[in-house]
Structures are given as C-alpha cells and as structure tokens.
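Chemist: Top line first, the protein sequences correspond to chains H and C.
Yeah, the first sequence ends on 111 if you go by the numbering used here, and it's all consecutive.
Yeah, the second sequence ends on 115 if you go by the numbering used here, and it's all consecutive.
Calculated from the structure, these hints are not laboratory results.
As the structure is a prediction and not an experimental result, all values here were calculated from the model.
Honestly, I wouldn't trust all of these hints.
[Stated by the list, open to error] If you only want the chain H side, here are some residues facing chain C, beta carbon under 8 Å, derived:
no., residue
1, H9
2, V11
3, K49
4, F72
5, S97
6, S103
All C-beta atoms in this analysis are idealised placements derived from N, C-alpha and C, irrespective of residue type, glycine included.
The residues making up each chain are set out below.
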Amino acid sequence: AQSVSQHNHHVILSEAASLELGCNYSYGGTVNLFWYVQYPGQHLQLLLKYFSGDPLVKGIKGFEAEFIKSKFSFNLRKPSVQWSDTAEYFCAVKRASKIIFGSGTRLSIRP
Amino acid sequence: DGGITQSPKYLFRKEGQNVTLSCEQNLNHDAMYWYRQDPGQGLRLIYYSQIVNDFQKGDIAEGYSVSREKKESFPLTVTSAQKNPTAFYLCASTLTGQQSYNEQFFGPGTRLTVL
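In isolation and in its complexed conformation, chain H is listed as follows (with noise of 0.2 Å):
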C-alpha cells in the first residue's frame, strides 16, 4: 500500500544537539513534500515543502530537509535544537491531488 513512513515515534534530545527525522514514502513519479510541525496547543504549520529543484530545501527556524529521490526519502534535519523545538513533526506527500501524511514524531528537547 502506498504509505509514508516516520520511523522515530518519540525523539529525546539535549538543547544544542542535532537532529535527524526521518521520513520514507512509498509512491512512484512526481510528489510533492512537506513537514509540518505542531507546537503544544497550536496549530499544524508549513515547516517546509520541497517539489523540484535543488533538493535540499531550507525551512523557517533553521530546518532543512534533503529529498533523495533514489531512496524515496525527505528527512528533517537541524544542526543545533532548542527548548522551544519541542512538538510534533509530521511527514506529508502530495501525490495528485490527496496528501498523505505519516504518523508524526514527537520531539522532546532536554532543558
């Protein structure tokens, strides 16, 4: 079945550390892809998206993703987390004209 995959259902880190989330789909052909993130009590807002071009894509609050087309993943990253990074990070394809999301990871960042 055509799904996207977030491997990390809670990731536990330190203030300054780096992350990584990963994000793998499993559809064919063009796509379009975003992360979301959801802070504590607010709404899901655009991380970032990525649908042609160079494939490392930059997002507000220092995010980027990396699109590897030959491996079917979009994975977050940010070299340096904060406190305030604490939420939940969702994984999202376009494909046509639906948009399937993965079942998001939560991040939850050591003072």
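Take the given structure of chain H and dock chain C to it, following the hints.
Modeler: Structure of chain C alone, referenced to chain H:
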C-alpha cells in the same frame, strides 16, 4: 484576517447521535480536506473536495459524510455508524491547479468526545 475556522472547539456527543463539525475558510481556496488525528497515527484523510458540489472519500470515510454546497464551507457529519468517533478532527484547505504545490492551511481543530 484570512484563515480557517472550525467550530466548536470541544464537542461532546452521546452514543447513537449524529453530530456535524463546521469548517469555514476565507482564503478562496478550491480544495478542502478533513483529517482525523489520533495519538501515534498521525493524520488520516476522511474526505476531500476539489470543487464545489464534488467530494471524494479518503482512507477512512466509513461512518462520516460531507457536503460542499459553497466554496468556503465543508461541514463534516460524524454519524452513529462511526465505531470509534472520539478524536481530534482537523480541516484544511489548499489551492489547486498551477498552485497545486502549495501547502495546506489548517484550522485549529475540533475535539470530539463520545460519552
């Protein structure tokens, strides 16, 4: 301010009752979506609509119904046939066509609890 509104924020329902969740957007977006968010399962697509008077089932449409009589409105009815309706429901919208790579914008959500 442009955006998506969902009402009510919290909703309680007795078993066996139908309930309708409201979603309105003033972004002039063509497409609208309903998702259900459960812990550890992410967002699952219930229904979506690309244009007025047309909608398609998502991955978990059973026990739900929708209508799209106006561009700005996409109400979701949770029927008594939905076996596990307690969840957080999110509405989203997006442009289509040449702007199809644009992201979805989300509402604040409605938390439904069945008593």
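Chemist: Each of the hints needs a verdict: does it hold here or not?
Modeler: Each hint tested on the structure:
At about 7 Å, the closest approach between the beta carbon of H9(H) and any beta carbon in chain C falls short of 8 Å, and the interface hint on this residue holds. Annotation: interface hint on V11(H) violated; nearest CB of chain C at approximately 14 Å, more than 8 Å. The closest approach between the C-beta of K49(H) and any C-beta of chain C is roughly 6 Å, which is under the 8 Å cut-off, so the hint is satisfied. The interface hint given for F72(H) is violated, since its Cβ lies 18 Å from the closest Cβ of chain C, which is over the 8 Å cut-off.
Below 8 Å, beta-carbon pairs count as interface contacts, and S97(H) has one with chain C at about 6 Å; its hint therefore holds. At a threshold of 8 Å, the smallest CB-CB gap from S103(H) to chain C is about 4 Å, leaving the interface hint in force.
The structure fails hints 2 and 4 (numbered hints given earlier, in ascending order).
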